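Residue numbers (this note's numbering), protein chains in the order written: chain A, 1 to 234; chain B, 1 to 234; chain C, 1 to 234; chain D, 1 to 234; chain E, 1 to 234; chain F, 1 to 234.
Check the hints yourself; a few may be wrong.
Since the list can't tell identical chains apart, any single copy or any two copies may satisfy a pair.
Listed next, the in silico DMTMM-like pairs over lysine to aspartate or glutamate satisfying Cα-Cα at most 20 Å (straight line) [what the hints assert, rightly or not]:
| # | residue 1 | residue 2 |
| --- | --- | --- |
| 1 | LYS148 | ASP206 |
| 2 | LYS127 | GLU191 |
| 3 | LYS181 | ASP219 |
| 4 | LYS17 | GLU52 |
| 5 | LYS187 | ASP90 |
| 6 | LYS181 | GLU139 |
| 7 | LYS17 | GLU72 |
| 8 | LYS218 | GLU147 |
| 9 | LYS187 | GLU125 |
| 10 | LYS203 | ASP5 |
| 11 | LYS181 | GLU222 |
| 12 | LYS127 | GLU72 |
Worth flagging that the hints you see were computed from the coordinates, not collected in a lab. Note that the structure is a prediction, hence the values are computed from the model and not measured.
Below, each chain spelled out in residue letters.
Number of protein chains: 6
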Amino acid sequence: MNLGDMNWLEVQEYLVKEDRILIVLGATEQHGYLSVTTDVSIPLALANSASEATGVVVAPPMNFGISPYFLEYPGTISLRASTFLDVVEDILRSLHHQGFRHFLILNGHGGNDAARGRIVELENELKRMKVAWYSWWMEPSVTAVAEKHGLVSHHAAWIEAFPFIHSRGIPEGSKDTLTPKTLMSAKEVREYAGDGVYGGPYKVADGIMDEIYAAALKDILELLKFENPPMHLI
Amino acid sequence: MNLGDMNWLEVQEYLVKEDRILIVLGATEQHGYLSVTTDVSIPLALANSASEATGVVVAPPMNFGISPYFLEYPGTISLRASTFLDVVEDILRSLHHQGFRHFLILNGHGGNDAARGRIVELENELKRMKVAWYSWWMEPSVTAVAEKHGLVSHHAAWIEAFPFIHSRGIPEGSKDTLTPKTLMSAKEVREYAGDGVYGGPYKVADGIMDEIYAAALKDILELLKFENPPMHLI
Amino acid sequence: MNLGDMNWLEVQEYLVKEDRILIVLGATEQHGYLSVTTDVSIPLALANSASEATGVVVAPPMNFGISPYFLEYPGTISLRASTFLDVVEDILRSLHHQGFRHFLILNGHGGNDAARGRIVELENELKRMKVAWYSWWMEPSVTAVAEKHGLVSHHAAWIEAFPFIHSRGIPEGSKDTLTPKTLMSAKEVREYAGDGVYGGPYKVADGIMDEIYAAALKDILELLKFENPPMHLI
Amino acid sequence: MNLGDMNWLEVQEYLVKEDRILIVLGATEQHGYLSVTTDVSIPLALANSASEATGVVVAPPMNFGISPYFLEYPGTISLRASTFLDVVEDILRSLHHQGFRHFLILNGHGGNDAARGRIVELENELKRMKVAWYSWWMEPSVTAVAEKHGLVSHHAAWIEAFPFIHSRGIPEGSKDTLTPKTLMSAKEVREYAGDGVYGGPYKVADGIMDEIYAAALKDILELLKFENPPMHLI
Amino acid sequence: MNLGDMNWLEVQEYLVKEDRILIVLGATEQHGYLSVTTDVSIPLALANSASEATGVVVAPPMNFGISPYFLEYPGTISLRASTFLDVVEDILRSLHHQGFRHFLILNGHGGNDAARGRIVELENELKRMKVAWYSWWMEPSVTAVAEKHGLVSHHAAWIEAFPFIHSRGIPEGSKDTLTPKTLMSAKEVREYAGDGVYGGPYKVADGIMDEIYAAALKDILELLKFENPPMHLI
Amino acid sequence: MNLGDMNWLEVQEYLVKEDRILIVLGATEQHGYLSVTTDVSIPLALANSASEATGVVVAPPMNFGISPYFLEYPGTISLRASTFLDVVEDILRSLHHQGFRHFLILNGHGGNDAARGRIVELENELKRMKVAWYSWWMEPSVTAVAEKHGLVSHHAAWIEAFPFIHSRGIPEGSKDTLTPKTLMSAKEVREYAGDGVYGGPYKVADGIMDEIYAAALKDILELLKFENPPMHLI
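Turn these sequences into a full structure, and let the hints steer you where they fit.
Set out below in structure tokens:
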């Protein structure tokens, strides 16, 4: 269930017996042949699946992240790092004020990791707040699936090419892996990364994608229990 | 067409012959018996209708706005004023960098008006940029329809109760109009505004809602021409 | 009485029996043929009149506001939106710390409205604080006087041409009304608005100005009672 | 002449032959038995005298400064250091944009010195900008007059007790000098400084005050020439 | 050679033939039985070794980083994420202004990674600037050495226990690995992590530490060539 | 003893019986023929001497300060005023959180004075915190030594030319004193100040330097007692 499918009275009822919420932090940025909102769509799909299974509500997604390196690719909307941290703080602070206590953040974009320090600052200030951060594509369960199939994950390549993501013109075959040694400016990245894909197969069989999705979803359902030490609130 | 239905190559093609974009600024906040994302859903619906008619692309919506006065109502997510202004600046700056030049902002929430000063600051800095700001519920064409039917608009009342908005438990009849004389804190608002509706009929006939929608859409299509003086870029 | 006519011991005495204060938020910006500090002078005059009638003290005026659109007109001093919000917060926070509780803000400039969200954020944090915001030229009592005389208000036109405002070279007659459809940059505004007046008669009879002034003052005296629900502090 | 006594057309005329402006940075804070706006009134008086002698225009004063240590004294309005720096930047940037080039800042309050670093940052960015900063009470010419009469200057004592400053209840005689060794909080200052005067005679003969005033004014008139090396713009 | 061993004339000479500089970003935070400045000392040692081998100058280290999760451990000094990003920007901007062009950042602390987005923002703005970011303990060459010896790296364990780091009371043996599933507050971390070590052997043979050091240094010397594509400046 | 020579357990032991700490705020900026880190090295030497005598611990130095006026001299690293204030706040807040209560700041650079207002803001917020600020070169005890020898202090001249500071090429004799009348931009300063020394003898006898050092150290040892009124915590 999405927060957008509820009015405030329904949210109030929800809070009587539940204090968990799923937060989607995405990005709008180049993803090669895939939709520029790939980093929103994947964690949102996972959030919705997890919500169906558990009844935990999903907040409206944050559609923009920290993507300064892709700004030369049309369709990329990048928030300054400082802006993004403020947004994340404000979302969590608002919901915490109303009684939400367990936040599972489904992050869709690596650049957004910078917000984790700010979240800990917030936890230091607010009482009884528990935040888990899940970046699906780099979690052990997911990379284990990839490894099983002899695959490695790179930006905009097969790992993000889920059937439910808009795409156009995905090439056959593989691309040589890009391994930048420096922090490149947007202009350099555009020249360096060409079509924007960072290497490996452009696409793999739907069955593998299903496994990937299932592995991530299983992690999320586990995390939603907020059970493992030190998960108790103090 | 939504930006999310395109990859960057498609956005690049789009920019060859077009430099307009529709930006939706919403809010996630109490709306009485209506969805907490009402302020996203209405301008997004209008944006999509306008996009269908013109082919102008719609950016992913900004789902959060400035709503500090509703923070005691569960489900309200309010960004600090400073955060919201930064977000709006970053969205516009990113898209302008890639060649977008005509921005029609469909604003769904009165509290977001604070961003207009920042946008002008940005226009002073960037070159050849034209931004129009449309707050559908308070524009002359829309209030004219309301007046024709003897209606006045208030927060979370009939004017926002479109059939396509999630609602539950909308009462029959009307509510006395609330006319606060001060800037109230969230605690005061909760006590003062009760169910969160600011007065007038809770709901009106679908036909009136269609007229309202049509009036707003007509305005938007007109604004999208970016024709009237001083619309030329300098 | 102005705060500047008191030393701290006198302010301390004042606070024993009174916790109200009048705050003037102005602007220094082009006003056509009128003084660039018109937006300070009018609310300050009203504040002084109200102070004479009630003994409520007037804080030193904030002489600068948010006016990015007028920066191409010499004599305009515009604070960034973020700066202005910080100033308003700091003024209120300082006075609240010392025991002031009822703040009537007499705002002289439309662009300053952006501060209202910040004020609510502050009310959410501080205890027992009541802030009313009064923008004299757009309040119902004042527009009723205008309507009675068949007049509409526009920037720098008759509505601000009080006899006590410095002016030079006010033309006879009327100007066509300006109705910008977009948020214009300072450069565009300068080209578009010419002498800086937004239309209607440049000046009207002193008697009408007296009526306008009296209507606003009456409102202010009423607001200073901080009586109407939900004016009680919680 | 004050900027407030001009409309924008007059400012435009002024800029044809002149690019100097006097900026008053004050404070609203306890001054013992003297007005809480003493730090505005003195530099503003000097600015007006200098303006009369030279025709250089005076900007509307900034009435608030950085005074966190006096916040326990009623009537003190302190801006955060960050806020004040932003204000000073915005004032200078606005006026520089319109063609002002030589800025003489008459500062009335020691705490405001923190803005000087920001001003240099601004000079590094903007072209052809010359800013002089004058804190009248600590300049050599003024302390020489004090020394001649065997006097030392302290906050809120004789040096600020000009006849044109509102005062009430100034005691006879002298107060022991306060010499705090630490940065005290507002609570400590209130306990430590009692009536808020930092020591020395509460008041001296008007003749001495005239000498002080004349010495400061002479400095200001000299500085307004912006002549001494390295005053040339590059 | 350290910048601190040069005066500005020597830096000027240096810049005639060289535009590289080594920047050390550290942290002051709990490291179990090791010095609280371990995250400064290790990258600084590497920087000095690299400087000896190449003559590239080393800037004074930034001794504080982003460590909110360790604030309950005495001796931890944590900068807010926003502060740290500003510091990194200002250091790079200053040096770039004077002609430095190739920056090799030796980062000693994982929490500091948040600055990378800001650096790319800066690269987008400034011209001809190349920044490489090296976090020694997680680079492939270093983890390969660890793997060779059957070791895994964790905070404050063997991987940081270089002989040149101050330590007291390092226990014998190993600690169970900590694998937190959430972003913990400082209070939770203190309870959870006990002595502050995150698991594995507390210490290993000096020979292994030499191999680790050598592997990192070799990487650094390679990176200092700024040779690999896309290392050319555009 | 330096904080860097302790692990957190040792800091914890220290806090059982002691709550004082020495904080060094320096700068990296041109100092004529002296090291660019002169403003770090001098207060750090004094801090270490005071630590030896008293056992009070020394925090890792903050190596960068506010030096925008020297940015045209290679080797100058200047933090924006806003950045520096944030850093000082974060350092103090972190240490206060862990139980440090008496902070003696040894400041090495005049431009850093801007942080004092921010520190008072912090004292107003935090409980039981005492901060003393010592700028060695301008304190009465030190200027008395200078006067005794007929000397006046200027930037980068004899007063900073301690034998333990790196220098190269210090000229014989004296330089005419620079007395800038305005706030100069970095470009102007470079042209105006030439070698960067602000006048007087480039160097004096070691014996005088020893006296200077001893006078400052004596002050510091006295301040470390935190004895004089109003030093008691409230």
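Verification of the supplied hints:
Taking identical chains as interchangeable, the C-alpha atoms of LYS148 and ASP206 lie at most 20 Å apart only when both belong to the same chain, with a minimum of 15 Å there against 37 Å between chains. With identical chains, the CA atoms of LYS127 and GLU191 are at most 20 Å apart between copies only, with a shortest distance of 16 Å across copies and 47 Å within one. Taking the shortest alpha-carbon separations for LYS181 and ASP219, only the inter-copy value of 11 Å comes in at or below 20 Å, while the best intra-copy value is 32 Å. With identical chains, the CA atoms of LYS17 and GLU52 are at most 20 Å apart within one copy only, with a shortest distance of 17 Å there and 43 Å across copies.
In this assembly of identical chains, the alpha carbons of LYS187 and ASP90 lie at most 20 Å apart only when taken from different copies (18 Å versus 32 Å within one copy). In this assembly of identical chains, the alpha carbons of LYS181 and GLU139 lie at most 20 Å apart only when taken from different copies (11 Å versus 23 Å within one copy). Proximity of LYS17 and GLU72 under a CA criterion of 20 Å is satisfied inter-copy only: 18 Å between copies versus 47 Å inside one chain copy. With identical chains, the CA atoms of LYS218 and GLU147 are at most 20 Å apart within one copy only, with a shortest distance of 18 Å there and 29 Å across copies.
Taking identical chains as interchangeable, the C-alpha atoms of LYS187 and GLU125 lie at most 20 Å apart only when they sit on different chains, with a minimum of 10 Å there against 40 Å within one chain. In this assembly of identical chains, the alpha carbons of LYS203 and ASP5 lie at most 20 Å apart only when taken from different copies (19 Å versus 34 Å within one copy). Taking identical chains as interchangeable, the C-alpha atoms of LYS181 and GLU222 lie at most 20 Å apart only when they sit on different chains, with a minimum of 10 Å there against 36 Å within one chain. When the C-alpha separation of LYS127 and GLU72 is checked against a cutoff of 20 Å, the pair qualifies only between copies, where the shortest distance is 15 Å, while the shortest distance within a copy is 42 Å.
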